[in-house]
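Q: Sequence:
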Amino acid sequence: MNRLVKILIPVLIILGLILAAGCATKQTSVTAPPYAGGAIPAPAVPETASSVLGLFDRGNTYEAAYRSIADESGTPDIDRKIVRNGYMTLEVNDITVALTGVAAIALDLNGYVVSSNKSGDQDITYGQISIRVPSDRFDEAFDKLRQLAVNVPNESTTSQDVTEQYTDLQAQLRNYEATEAQYLELLKKAEKVEDILAVQRELSNVRGQIEQVKGRIQYIERTSDMALIEVNLHKVKPIGGTAWSALETLKSAARGLVSFGKALADVLIWVAIFSPVWIIILVVVLYFTRWRKKAKTTRK
Numbered sequence: 001m002n003r004l005v006k007i008l009i010p011v012l013i014i015l016g017l018i019l020a021a022g023c024a025t026k027q028t029s030v031t032a033p034p035y036a037g038g039a040i041p042a043p044a045v046p047e048t049a050s051s052v053l054g055l056f057d058r059g060n061t062y063e064a065a066y067r068s069i070a071d072e073s074g075t076p077d078i079d080r081k082i083v084r085n086g087y088m089t090l091e092v093n094d095i096t097v098a099l100t101g102v103a104a105i106a107l108d109l110n111g112y113v114v115s116s117n118k119s120g121d122q123d124i125t126y127g128q129i130s131i132r133v134p135s136d137r138f139d140e141a142f143d144k145l146r147q148l149a150v151n152v153p154n155e156s157t158t159s160q161d162v163t164e165q166y167t168d169l170q171a172q173l174r175n176y177e178a179t180e181a182q183y184l185e186l187l188k189k190a191e192k193v194e195d196i197l198a199v200q201r202e203l204s205n206v207r208g209q210i211e212q213v214k215g216r217i218q219y220i221e222r223t224s225d226m227a228l229i230e231v232n233l234h235k236v237k238p239i240g241g242t243a244w245s246a247l248e249t250l251k252s253a254a255r256g257l258v259s260f261g262k263a264l265a266d267v268l269i270w271v272a273i274f275s276p277v278w279i280i281i282l283v284v285v286l287y288f289t290r291w292r293k294k295a296k297t298t299r300k
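So for the sequence shown, our numbering puts the first residue at 1; every next one is plus one.
No wet-lab data here; the hints were simulated from the structure. Heads up, the beta-carbon is just placed ideally off N, CA and C, and yes, glycines get one too. Be aware that one or more of the hints could be misleading.
Listed next, the in silico PhoX-like pairs over lysine-lysine satisfying Cα-Cα at most 25 Å (straight line) [said to hold, decoys possible]:
(1) K237 to K251
(2) K118 to K237
(3) K118 to K296
(4) K235 to K251
(5) K237 to K144
Here are the simulated distance ranges between beta carbons [as the list claims (entries may be wrong)]:
(6) A104 to N151: 34 to 40 Å
(7) S275 to N151: 58 to 64 Å
(8) T297 to R255: 55 to 61 Å
(9) V113 to G256: 34 to 40 Å
(10) T297 to L268: 36 to 42 Å
All chains, please: the whole structure from these sequences, using the hints.
A: Written out as C-alpha cells, the structure reads:
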C-alpha cells in the first residue's frame, strides 16, 4: 500500500502541473488583445501597378481623412476663418496728404498698401488707395480713416465665413498626402518598368493636387488674416464756386503764354525740318513764273 502511494503521488503532481499550464494558456488566449499594445497593423501594400489604380476608394478615403481631423482635434472650438472687406469714400481737402495719411494708418496697424493712384488736371481732384490691415484691427482702421475726411459720404463692409471651405481643403490635403505616402510605398516595391512608370504618373498627379490645395489654403489664410479696405478720395468742392483771384488769373495767363510759345516752336521746328522741300517748291514756282514772263515778252 505504501509503495502504491509513493508511485501515485508523483504522477498526480505531474498531471496537476499539466492541467494548470493548460488552463493558463487557454486563459491567456482569451484575454490577450488581438494586436500587441492595441495597435492595428498597417494594411498590406500591393506590389503591382494594377493594384495601384484600384487601391483607393476616393470617397471613403476622403471621409476617413475628414473624420481623422475631427477625431484628433477632440472637437475643440473652431478657429473660424472670416474674410472681411471694407469700402469708403472720403471727401478731403488735399488728395496727396490724404493718400499719405491712409498709408501711414496701414503701416501703424501692421498692415501694408496694396495699390495707390491719383488723378486730375492741373489740380489733383481724385485718389484711390487699397490697404490691408489685420482683421482684428479692421474696425480700428475704419475709425482712423474717418478722421482724415471732411465728410464720409459712403462706407460699407462685408464679411464672408470661409471656415467650412477651409476645413474641407484641410481634409483634402490630408487625403492627398495619405495617398502620396501609399504611392511612395508602392514605388519602393515596384519591380517592373511599367509598374514604376504607372506609380510615378499617379504620384505626379497627386503631388500636383497637393500643391493646388496648399495654394488655396494659403490664400484663405492670407485673406482672412488681413482684411482689405478700398478708399476712394475726392477733393472737397468749395461752396458757391471758386473766388476770383488776380494771382490765379496771372498764373492762368502765364500758362497760356507758355502754351502758345510751345505751339509756335513746334511749327518752326516742322518748317525747318521740311525746308528742303519748301526750297525745291519755291525754285520751281519762281522758274515757272519767270518763264511765263519771258514767253509774254517774246510774243510782243
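Q: Hint by hint, say whether it matches the structure.
A: These are the hints, each one checked on the structure:
Distance restraint check for K237 and K251: the Cα-Cα separation of roughly 21 Å lies within the 25 Å cut-off, and the hinted pair is therefore satisfied. In summary, the hint linking K118 to K237 is supported, as the alpha carbons are separated by about 17 Å, within the 25 Å threshold. A C-alpha spacing of about 71 Å is found between K118 and K296, which places the hinted pair above 25 Å, so the restraint is violated. With a C-alpha separation of about 21 Å, the suggested pairing of K235 with K251 holds against the 25 Å cut-off.
Using a Cα cut-off of 25 Å, the hinted pair K237 and K144 holds, with the two alpha carbons roughly 23 Å apart. Between A104 and N151 the C-beta distance comes to about 21 Å, which lies outside the given range of 34 to 40 Å. For S275 paired with N151, a C-beta distance near 59 Å keeps the hint of 58 to 64 Å intact. Between T297 and R255 the CB atoms are about 57 Å apart, so this pair conforms to the stated range of 55 to 61 Å.
Between V113 and G256 the CB atoms are about 38 Å apart, so this pair conforms to the stated range of 34 to 40 Å. At roughly 39 Å, the beta-carbon separation of T297 and L268 lies within the given 36 to 42 Å, and the hint holds.
In this structure, the earlier hints numbered 3, 6 are contradicted, and the remaining ones agree with it.
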